[in-house]
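Heads up: the protein sequence lines correspond to chains A and B, in order. Taking our numbering, the leading residue of the first sequence gets 166, the next gets one more, and so forth. Taking our numbering, the leading residue of the second sequence gets 166, the next gets one more, and so forth.
Don't read these hints as lab results, they were simulated from the structure. Nothing here was measured: the structure is a model prediction, and the numbers come from that model. Treat the hints loosely; a few may be bogus.
Since the list gives no way to pick out one identical chain from another, each pair is judged satisfied if it fits inside one copy or across any two copies.
[Claimed, not checked] With a cut-off of at most 25 Å between alpha-carbon atoms, the simulated SDA-like pairs for lysine to any residue come out as follows:
no. : residue 1 : residue 2
1   : Lys186    : Ala359
2   : Lys186    : Ala369
3   : Lys167    : Pro251
4   : Lys167    : Glu252
5   : Lys186    : Thr250
6   : Lys167    : Ala201
7   : Lys167    : Cys226
8   : Lys167    : Leu314
9   : Lys167    : Glu253
10  : Lys186    : Glu253
11  : Lys167    : Thr350
12  : Lys186    : Gly248
13  : Lys186    : Ala298
14  : Lys167    : Arg203
15  : Lys167    : Cys322
16  : Lys186    : Ser249
There are 2 protein chains.
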Amino acid sequence: MKYYDSIGPNPRAVRIAMAEKGLAIPMETIDIMGGANRTPEHFARNPSGSTPALELDNGACIAEITAIIEYLEDIHPAPALIGSTPEERAETRMWVRRIDLYILEPMANGFRASEGRRMFAPRMTLVSESAAAELKAMAQEKLLWLDGLMQGRQCICGDRFTMADILLLAFVDFGAQIGQPMPSTASWLPEWQARAAARPSASA
Amino acid sequence: MKYYDSIGPNPRAVRIAMAEKGLAIPMETIDIMGGANRTPEHFARNPSGSTPALELDNGACIAEITAIIEYLEDIHPAPALIGSTPEERAETRMWVRRIDLYILEPMANGFRASEGRRMFAPRMTLVSESAAAELKAMAQEKLLWLDGLMQGRQCICGDRFTMADILLLAFVDFGAQIGQPMPSTASWLPEWQARAAARPSASA
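Take these sequences, add in the hints, and give me the full structure.
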């Protein structure tokens, strides 16, 4: 296996999962600022032209962070980052999709079309700057929605630290760097973030 | 188990998966046009206020269509709609996330904020109508991107009919009803749709 890594929250989410599982997978860093992810070589790995990608032993490449983390769990089940029972896995996957669709995607889309516009405009179709502002506001609203639902919980899935926490941590940290900090009225998120950031895997 | 169903592409995607697996799960239909999905009773099942939701035997409710289909596969592995090996599952999940983030979500967001505005405006924050048009255009662009990548394939994951095909079928059919038909220049999509629609499960 070989992991095609780069800067950014997406590759980091997978690195955190690898660290939680104690996996050491050979890595190659792709210079996304220099456009090395938009070359024919990388498009052959991932037709989305994004990072990360995981080259499997059969030669196939798997892209998309949740698919990569699921694959790592499939071949290295412990410690479980998705779950040890069908019910646990269902709970994790439910929260992962909510976070993915309602927070990660509008946050990233909003960033690419505003602060990130100069880098991304030559690479993909972007929404207008006003639409970017609306997407960012929706991500903020959903962060607060999550904050309300999570009161009293250690992690998103109760006491289990899961892929849902990993994705959210990578993007809450990223948001803080790109003008999308967590909402100031959030009360659970800051405490949760401190707990997640204190894990050794957070330095991945 | 009990399945909380309704009209719309999301509940249908799960029904197609159930039909492929030959599962007969007790169903209750939620009147989403009448707002029965925005009651305290349904919010207790699913704090997103959306359909569908699957009530498990342990009393927990699982929402989000991909999580529900994964759960059904977990407890009824055959026929496989995700995969029979870690590599197959990874391939399916990769395409599912691409379709989910790049096609389903902007198509649905675009619909809710334009043709669906009267129904959805009292229920959730929507983007502006101009942003909705941009999101719809991005969904169309990604449909064409997929169309180009899929040439020569029977299904999205080669010869395997998977959750990726199910999600796309439910939303391509929905798109045709709401002013977002598949792009007229698509060449693979119409043939693929005819194959998918010919399966008995498509009537679910």
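Handout entry: Those earlier numbered hints the structure runs against, lowest number first
Key = Numbers 11, 13, in rising order.
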